[in-house]
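Kindly produce the complete structure, drawing on both the sequences and the hints.
Each residue of the sequence shown is one higher than the last, beginning at 1 in UniProt numbering.
No wet-lab data here; the hints were simulated from the structure.
Just so it is clear, the structure is predicted and the values come from calculations on it, not from any experiment.
No residue lacks a Cβ here, since even glycine has one placed at the ideal position from N, Cα and C.
Incorrect hints may have been included.
Quick list of simulated restraints, FRET-style, between CB atoms [said to hold, decoys possible]: (1) 853 / 307: 52 to 60 Å; (2) 902 / 237: 54 to 62 Å; (3) 691 / 431: 52 to 60 Å; (4) 307 / 944: 56 to 64 Å; (5) 50 / 293: 18 to 26 Å.
Straight line, CA to CA, 30 Å or less: simulated DSS-like cross-link-like pairs of lysine-lysine [claimed, not checked]: (6) 453 / 740; (7) 453 / 52; (8) 314 / 422; (9) 925 / 856; (10) 301 / 52; (11) 290 / 422; (12) 726 / 562; (13) 939 / 928; (14) 781 / 511; (15) 515 / 787; (16) 60 / 49; (17) 587 / 704; (18) 420 / 439.
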Amino acid sequence: MGSGTSQQTQQRPQSSPNNKDSRPQTTGTERPPDKKPSKPQVPPPCPPKRRKADVFQLSKYTHVDDYSLNSPPNLLVGTFKELIAYLTKNPEWDDMCKVRAIFRWVSSVDVYSLKTENDPPTHSPLEYFLKIQKNMGNHAHLVSGLCQMAGIACVIISGMNKSAAYEVGSKVDRKMMGAQWNAVYIDGEWRFIDAFWASACVVGKKSGEWTLVDTDGNVTQDDEETSEGETQHRVNEFYFLPDPDQLIWTHFPDEKSWQLLEKPHTVSEFENHTYIRERFYYLDMFYTDKTKEQCMLTATKGEVGLEFGLPKEKSEYFRFKYMLYQNRAESGLDGGNLSLERFVMFEHNSDLLRFALRFPVAGKFKMDVFGLDERESDVFDLCCTYLISCSDPQKNCMPLPDCPEIGWGPGVEAKNAGLKAKSHDGAIIISKDGRVDIKLGAHKDVRLHQLLKNAIVDEATLSKYAVIREENGEFTVHLRLPQDGEYAMKLYANDEGEDGDASNVLNYLIKYIEKGTNEPFPNITDGKIGKKSIADKLGVKAISNPGGSVITKDGKASVTFKARNDVELVCEIHSQDPNARKHMIVKPTNKNGTWTFDMDMPIEGEYSLNIFAREKGNPSSVYNVHSYLIESDGHAIDEEKADLIKDDHSEPTVITETVETSEPEILIPAPTGYDNVVACFHRRHADDSPDNDAVKLMEQDGLKLFLTKLEDFGEYMMDIYERDAKGVLLHLARYQINRKPASELYKDDAKMLMEQLLQKPESEEELVDDNDNKDLPDDEKQRRNAKKLMERAMQQKDQYSLEKAIAMYESAGGKDDESVKKARRWLELLQAKEELQNAAQRRELDAIDKALARAKAANFDNQLDLQIVVAQRLRDQLARIEKLRHSVLNMDQKTIAEIRTYSNPPEGVHQSLMGAFLLLGHPMKEVKVWRTCQSILGKTGRESVMRKIQKFDPKDCFLAAAVQSKKVIADYTLEHIRDVSAGAATFFVWVSILIML
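So this is what it looks like as structure tokens:
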């Protein structure tokens, strides 16, 4: 199953006190009144030769259904003789039509909602339905009686079924699970009918034994509360003539012959088989050789897999979701209070549905798989359920880097986007060296975007390790993974010419399995080589090199562009080689709107050139219009000039950070010490038009800040550059900004889980390989390996790994040299950053003040500038809220009494109070009535408004309430409210500040 809302398993009801199916079991002698005493001769049970699909197609019987469903209402209070005469009136109908008419009429009645003021007529259908309601009759006897009155052989089958009362995986109990259903003899073959299961189901029945820990990768940690559920009336066509091999796993007859199978199953097989429901068969799912059919699975070394085959010709219309539960009684680690986010891998391709589960903790788990055919329904229904026992959890079990809603691997979304996998047609890619090229064909014009994710490394850093290029109608995604581990490569697509957010269409799970590291690519601003979609909107066109690759001759090359007169072009040249950066040169020139960029790259290697457009009148923003990846063959260097360059060359440390916010705008600080700074801002995996209002440069307290608008929730990227007089940019910082709802800020359940699991330090065999170390003493070998791990942890800003590496170095007797001192500074910075994030999450003024002080002290090379600015802004907002809280609390009773005395308050007063009361938890239906607001304002003691405001914690402000409050006060200004009521104005300001958080 991939994101989404909780699905409720739909099962058949049992309402009798002893949890049996609500159908009295008899020998078949009981019958509804008016049943004819003579009945058709009953042939012996025999498996049918044909499938249901061979003898019954619903579309051919719509006339029968229409006739039955439009029956006169008075038949319900008439006699059974009148009823069967109506249902079998057409002389041209065969037995199939008659049985269908009986089934459809019986199943159309919502038995458990029937209500009558007077006693029903004796021996009427209504009387019998009311007996069913009171467990004094059942559907099986009703169908049997009606069929026999119609001259059709019909028997009542007694047995047991796995209804709503059945707890998956438990022992079967004939007494507790007793039930009855029918078999009818049509056209020389026996067929099953269960009119009860076809007309009623229970929604929401829960045993109270399970905690929902994951649904499509979204952690809920919802404890089930015991519930009998709600019986609902729904007609389920599956239980009209189901095939015996499909019905057997929920309906087990007492008599083996009435299984109607060539090879009957045993009670033990029925008990142990997967709990399987009709949606499984509707979707034509089937077991593969890798899937076990028993209900209880055992995880091996913390892993277990589920795999189902799908019909290739139809599966593109199927959608799946899952729900993972943990048994509360058998949970591991502190009673199961762990979030199990991103431990289920879900793959759906043309002929396969696969789930791979990994467990970091021991326990008993339940896995529900839901599905739908989007051509027929938008409701997910249960396909099957498995129980999983894990006594040996996976060691050092890491969460998946992502849990995409569409699952992993090439599927219907990629197909619909016009993409075809050429190099990797599976969901998982294994790489020994961390270098991967993914090739995709495209049968239509699309724009493709990529996003690389990892459970440890932040996305701003990872953006440097992946690029995408398009050549001759084929896309290639190039990856150089920074370190071993698992990565998600998420691909998004828009049709050519379609602006806005691109849809996620394909995801790969990439496993870098051997120890090692890779250098990132030269800077490609948005990770896409070649022309950007925004170029056309700005009137910029590549003349000499329209693609994305440049090969030099003697280390030199040039590219030419044409641009509108109101657009200036600037550029950035970049290399990951520090020596190459000292010697590389780019010179822009402009002649009447024709721009030429001459490059000299004397050091052989890989470079990038990013071309930016800047509209006149908008000095603070640039837009990336084209990017090149360049291979330079190099040339000899003038040694005298090289020495001058070496002595004069200094480089800034490029700040690379990921930050989260819930606000619609954010202040991004430019690194200090640079005068002419510009920003390149864009939404990730989206194609947007230029917006000159999105970024504004301002100064505050000696800092240059970019006031940046974030109109929608999502992921944004900002690169900050210094521009020199020649139009050449120097990269200073890269920030990924993730705007999320306030309730999701700083929520990283995967990392919390890793901390709770207290993973052991890597063993010596798991450290970075270095053949040069093999002859060294063990202590020296450990010190060298520890230093390499420190370097890697600092590069990836991995606080946990850095702590381990420093401890490893100290345990080997290492002394503090410059590299270790640097590592300690980084560790303090990362710890300060974490403290600042935690304080911001708690929204406590004192904690934020303390964390800000620590962050400012630890902030070397401006690494925490952004976090400090964001936290300072939050701190100021919280201080304003606290001040406003006191303003509300200090309102005198005269002011409150004045507001309460309004019988018809001035425009805006009611709305101001509505906004406040919504935030305090009152429902909209209450506060939209002014009298209710007056009543709330007049409460005293614990329920008083003043007391609630005094106790109110901003982090407990629900998003839905904030949205409602914002909408309520949207049409008013503070000036207007203040003019009509000073007291209402205080509430108005309090609400306005809160909904901004």
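Evaluated hints:
no. : hint                  : in the structure
1   : 853 / 307: 52 to 60 Å : holds (54 Å)
2   : 902 / 237: 54 to 62 Å : holds (59 Å)
3   : 691 / 431: 52 to 60 Å : violated (39 Å)
4   : 307 / 944: 56 to 64 Å : holds (59 Å)
5   : 50 / 293: 18 to 26 Å  : holds (25 Å)
6   : 453 / 740             : holds (17 Å)
7   : 453 / 52              : violated (48 Å)
8   : 314 / 422             : holds (22 Å)
9   : 925 / 856             : violated (47 Å)
10  : 301 / 52              : violated (43 Å)
11  : 290 / 422             : holds (26 Å)
12  : 726 / 562             : holds (18 Å)
13  : 939 / 928             : holds (17 Å)
14  : 781 / 511             : holds (28 Å)
15  : 515 / 787             : holds (15 Å)
16  : 60 / 49               : holds (21 Å)
17  : 587 / 704             : holds (28 Å)
18  : 420 / 439             : holds (9 Å)
Comparing the model with each numbered hint stated earlier shows that hints 3, 7, 9, 10 do not hold.
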